[in-house]
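Q: Position chain F against the provided structure of chain P, taking the given hints into account.
There are 2 protein chains.
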Amino acid sequence: MLWYQESMPPRAAARAREPARARLDVDERRRQLVALGIELFSERAYDEVSIDELAQVAGISKGLLYHYFPTKRDFYVATVREAASQLLSRTATATPSQMEPLARLEAGLDVYIDYVSKHGKPYQALLRSGIGTDAEVGRIVDETREAFCARLTEGAPVDTTAPLVRIALRGWVGFVEATVIEWLDDPSAADAVSLRKMLVRVLLDVVAAAGG
Amino acid sequence: MLWYQESMPPRAAARAREPARARLDVDERRRQLVALGIELFSERAYDEVSIDELAQVAGISKGLLYHYFPTKRDFYVATVREAASQLLSRTATATPSQMEPLARLEAGLDVYIDYVSKHGKPYQALLRSGIGTDAEVGRIVDETREAFCARLTEGAPVDTTAPLVRIALRGWVGFVEATVIEWLDDPSAADAVSLRKMLVRVLLDVVAAAGG
Chain P
1 MLWYQESMPP
11 RAAARAREPA
21 RARLDVDERR
31 RQLVALGIEL
41 FSERAYDEVS
51 IDELAQVAGI
61 SKGLLYHYFP
71 TKRDFYVATV
81 REAASQLLSR
91 TATATPSQME
101 PLARLEAGLD
111 VYIDYVSKHG
121 KPYQALLRSG
131 IGTDAEVGRI
141 VDETREAFCA
151 RLTEGAPVDT
161 TAPLVRIALR
171 GWVGFVEATV
181 IEWLDDPSAA
191 DAVSLRKMLV
201 RVLLDVVAAA
211 GG
Chain F
1 MLWYQESMPP
11 RAAARAREPA
21 RARLDVDERR
31 RQLVALGIEL
41 FSERAYDEVS
51 IDELAQVAGI
61 SKGLLYHYFP
71 TKRDFYVATV
81 REAASQLLSR
91 TATATPSQME
101 PLARLEAGLD
111 VYIDYVSKHG
121 KPYQALLRSG
131 IGTDAEVGRI
141 VDETREAFCA
151 RLTEGAPVDT
161 TAPLVRIALR
171 GWVGFVEATV
181 IEWLDDPSAA
191 DAVSLRKMLV
201 RVLLDVVAAA
211 GG
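Protein sequences appear in the order of chains P and F.
Sequential numbering of the first sequence, starting at 1, is according to the numbering used here.
Sequential numbering of the second sequence, starting at 1, is according to the numbering used here.
The following block holds chain P by itself, in its conformation from the complex (with noise of 0.2 angstroms):
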């Protein structure tokens, strides 16, 4: 099951497929356009998608398309955005005044290795490598880290302003994705909580070892 047909009832799933006679609201229709986009730019290059076959399953016209998103690359840009803002709410955790960072870090480390387990194919689409530069795609991709990250790290004994942490800390992140796309593709040689263990060792190794 893909993410986004959590949050879509199936009606709507297959409005988004009907002729556009229905003048549904500009947000709704958006919203549905971007859920198509991640499932079809998680399945296949972006070149391989042409906007034919993305305005032929939304069920709209060329020109309607056009009007939502002016290019291709405008809509993938907002798959793009959506996906990211999707991977951050749904692995939200306590605030730190509610759980000791220790905790807290593990907490959000099993959500997240959980949701990409459950995730993986659209996961794995937002930040492999892809056809091209982008700074757009870059930079989402670069602040959905960033606040990840920050997140985790918030109340902890850190000072993560120092600049070789904060460069380790952002290494570290590196480390997950890698660590867990690997994962992804041999689910059988580790469990998720040794998987997460791992993480949070290395982590304390990596913030000791910038410094910090």
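Derived from the structure by calculation, the hints contain no laboratory data.
Be careful, since some hints might not be right.
Same chains, same names: a pair is fine if it fits in one copy or spans any two.
As the list claims (entries may be wrong) - Here are the simulated DSSO-like cross-link-like pairs (lysine-lysine), alpha carbons at most 30 angstroms apart as the crow flies:
hint, residue 1, residue 2
1, K62, K197
2, K197, K72
3, K72, K62
4, K118, K62
5, K72, K121
6, K197, K121
7, K118, K72
A: Chain F only, in chain P's frame:
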């Protein structure tokens, strides 16, 4: 200075921009086009570089460009493949028989850090998330990571076939990439030796945390 210019004499670089009157050897022409592609795709988004512009900058007709590369994506994939191959060949170190594993790891990382500090832009372009997902590009980048990691850990007293160790090593490559990309944005945060020491220490920690 961009990396390809090191291996391309000034006259060849000038020729690449001349009309294709001279009957260049096919491989040589392809090589020149790929060098130009690395330059263009390092600076701008895939969608922002048109086939018309590529042909114009290369000083050849669109038809001739399509003769060498049937699609724009083929051309892009060729530039990624060349960038990855240059990264590996220019960061080659001694073989295990010539050096102790730890010294090789350190030497390999020193060369790598030196390389990316000189060729930051195309290197970031190679690794940073781009527009859409592309299986072939993803495979090239993954194979490059794999080869880089295998070379650095060759001969080390670690069971790199244990599933969690393999995953953790791949994670460490993600750590190295993320750390170095972040460091490129703020080189004053650490000198190259401190950076390398941190990378080595984290590798030893990562292997220990994975039970290797």
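Q: It remains to establish, for every hint, whether it holds in the given structure.
A: Hints, verified against the model:
1. K62 x K197: neither (49 angstroms within a copy, 55 angstroms between copies)
2. K197 x K72: neither (41 angstroms within a copy, 44 angstroms between copies)
3. K72 x K62: This pair counts as both: shortest intra-copy Cα distance 11 angstroms, inter-copy 23 angstroms.
4. K118 x K62: neither (33 angstroms within a copy, 45 angstroms between copies)
5. K72 x K121: both (21 angstroms within a copy, 26 angstroms between copies)
6. K197 x K121: Cα proximity of K197 and K121: one copy only (24 angstroms, versus 35 angstroms across).
7. K118 x K72: Within one copy, since 28 angstroms is at most 30 angstroms while 34 angstroms is not.
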